[in-house]
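Assemble the whole structure, with the sequences as input and the hints as a guide.
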Amino acid sequence: MVVKLYGQIKAGNPQRVLLCFLEKGIEFEVIHVDLDKFEQKKPEHLLRQPFGQVPAIEDGDLKLFESRAISRYYATKYAEQGTDLLGKTLEQRAIVDQWMEVEANYFNVVVLPLVINIVFKPKFVECDVALVEELKVKFEKVLDVYENRLATNRYLAGAEFTLADLTHMPGMRYIMNEAGLSGMITSRENVNRWWDEISSRPAWKKLMEMAAY
Amino acid sequence: MVLKVYGPHFASPKRALVTLVEKGVAFETIPVDLMKGEHKQPAYLALQPFGTVPAVVDGDYKIFESRAVMRYVAEKYRSQGPDLLGKTVEDRGQVEQWLDVEATTYHPPLLNLTLHVMFASVMGFPADQKLIKESEEKLAAVLDVYEAHLSKSKYLAGDFVSLADLAHLPFTDYLVGPIGKAYMIKDRKHVSAWWDDISSRPAWKEVLEKYSLPA
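From first to last, the protein sequence lines are chains A and B. For the first sequence, position 97 (counting from the first letter as 1) is numbered 109 according to our numbering, and the numbering increases by one without interruption. For the second sequence, position 17 (counting from the first letter as 1) is numbered 39 according to our numbering, and the numbering increases by one without interruption.
Derived from the structure by calculation, the hints contain no laboratory data. There could be a bad hint or two in this list.
[What the hints assert, rightly or not] Here are the computed lysine-lysine pairs in the BS3-like style, where the Cα-Cα straight-line distance is at most 30 Å:
no., chain 1, residue 1, chain 2, residue 2
1, A, Lys150, A, Lys135
2, A, Lys153, B, Lys62
3, B, Lys174, A, Lys54
[Stated by the list, open to error] Covered by chain A, per the in silico footprint, the following chain B stretches (three or more residues, Cβ under 8 Å):
no., region
4, 71–85
5, 92–99
6, 105–114
7, 125–137
8, 185–198
No experiment lies behind these values; they were computed from the predicted model shown. We put the beta carbon where it would ideally sit given N, CA and C, even for glycine.
Structure, rendered in structure tokens:
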């Protein structure tokens with residue numbers, strides 16, 4: 013039985029899970045949830061994800077939501093298959109967890125409102141320029157920490173590509189493209205080198221093909 | 023060498039502390055004076071490059087982010103104390119799911135309430151009443167989902183207490199105490215029962231007793 017992912021291939025959080033499946037060679041089926049029509053807020057979807065968000069997965073009797081939790085589950089369950097996304101020892105895994113937390117608590121908390129305010133809200137209302145500027149200043153400070161980390165580490169958790177890097181990729185894609193903030197990345201030698209390397213991975217290229225931007 | 027936790031008097035470090043106490047792990051704490059800006063000094067930034075608490079040092083090993091520390095401790099000491107990760111990989115998936123819900127959905131509006139109701143005057147910025155109102159509304163909507171879930175499940179991840187429940191303790195303690203919004207918990211029957219259960223655990227009582235914020 014093939015795992016079903018409910019979501020949209022172009023949406024950031026589902027992409028996190030799709031990328032994990034692609035890196036691990038896990039077969040999946042995408043069941044499209046139309047976010048433009050607010051299908052995620054309808055009763056049928058709320059049974060799968062009570063907060064009205066995507067993604068959610070169904071794998072036989074198993075149901076899970078929260079893209080980072082789903083990714084951790086599959087990376088653990090299929091540890092022996094495809095890319096090793098969690099590290100080999102307890103200490104390595106904890107550092108992967110640490111940088112996954114950093115993505116959720118420092119990176120995403122500025123990137124999400126930046127993307128919303130630069131890309132999505134301006135379709136309906138005027139862009140809140142002051143807020144965007146404030147967020148950009150915060151984002152620069154966060155990127156400075158990453159620049160320093162990646163000066164002495166090839167990837168965020170150390171010498172290998174892990175979920176810690178993968179979890180950043182959907183958000184980074186928005187920053188480099190629609191949000192028009194690629195300058196913040198290209199101006200930082202180590203972050204730039206890291207993004208170039210991880211976005212050259214075959215699994216990422218396959219995801220970009222599927223998304224057909 | 024004993025594991026050290028920096029910044030025990032603040033809320034986020036208490037996620038790590040309660041996990042250590044639940045698992046019966048020996049540790050030391052090192053205070054960090056946020057009022058004096060100690061967290062922005064080079065010595066602290068070497069431990070936690072974002073300048074926030076907690077930071078943890080375990081011999082030669084350094085780790086930060088409270089929920090990452092929780093996972094590390096729960097995994098390292100799996101065979102002692104309650105199994106806070108569940109028995110199976112599937113159980114753990116549920117634990118991770120609700121731990122992420124706490125981080126991405128429960129915590130952000132509660133953090134706004136914490137900063138603007140408890141700390142605005144101390145930190146020297148005006149309390150944003152509009153943000154307080156919006157944050158309460160957002161948190162209420164989240165608690166409605168919790169109410170429905172906890173009417174079918176004793177704890178968040180199932181019939182066992184886990185990291186997901188413990189992660190809620192420090193800031194919810196602020197919510198029912200100094201933030202003055204205990205009704206948000208008490209008015210919801212199943213959330214209230216769950217809160218009474220997890221907040222009366224001996225490990226949590228010990229953490230509060232030893233490391234509460236000076237008045």
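Violating hint indices (sorted, rising): Number 8 only.
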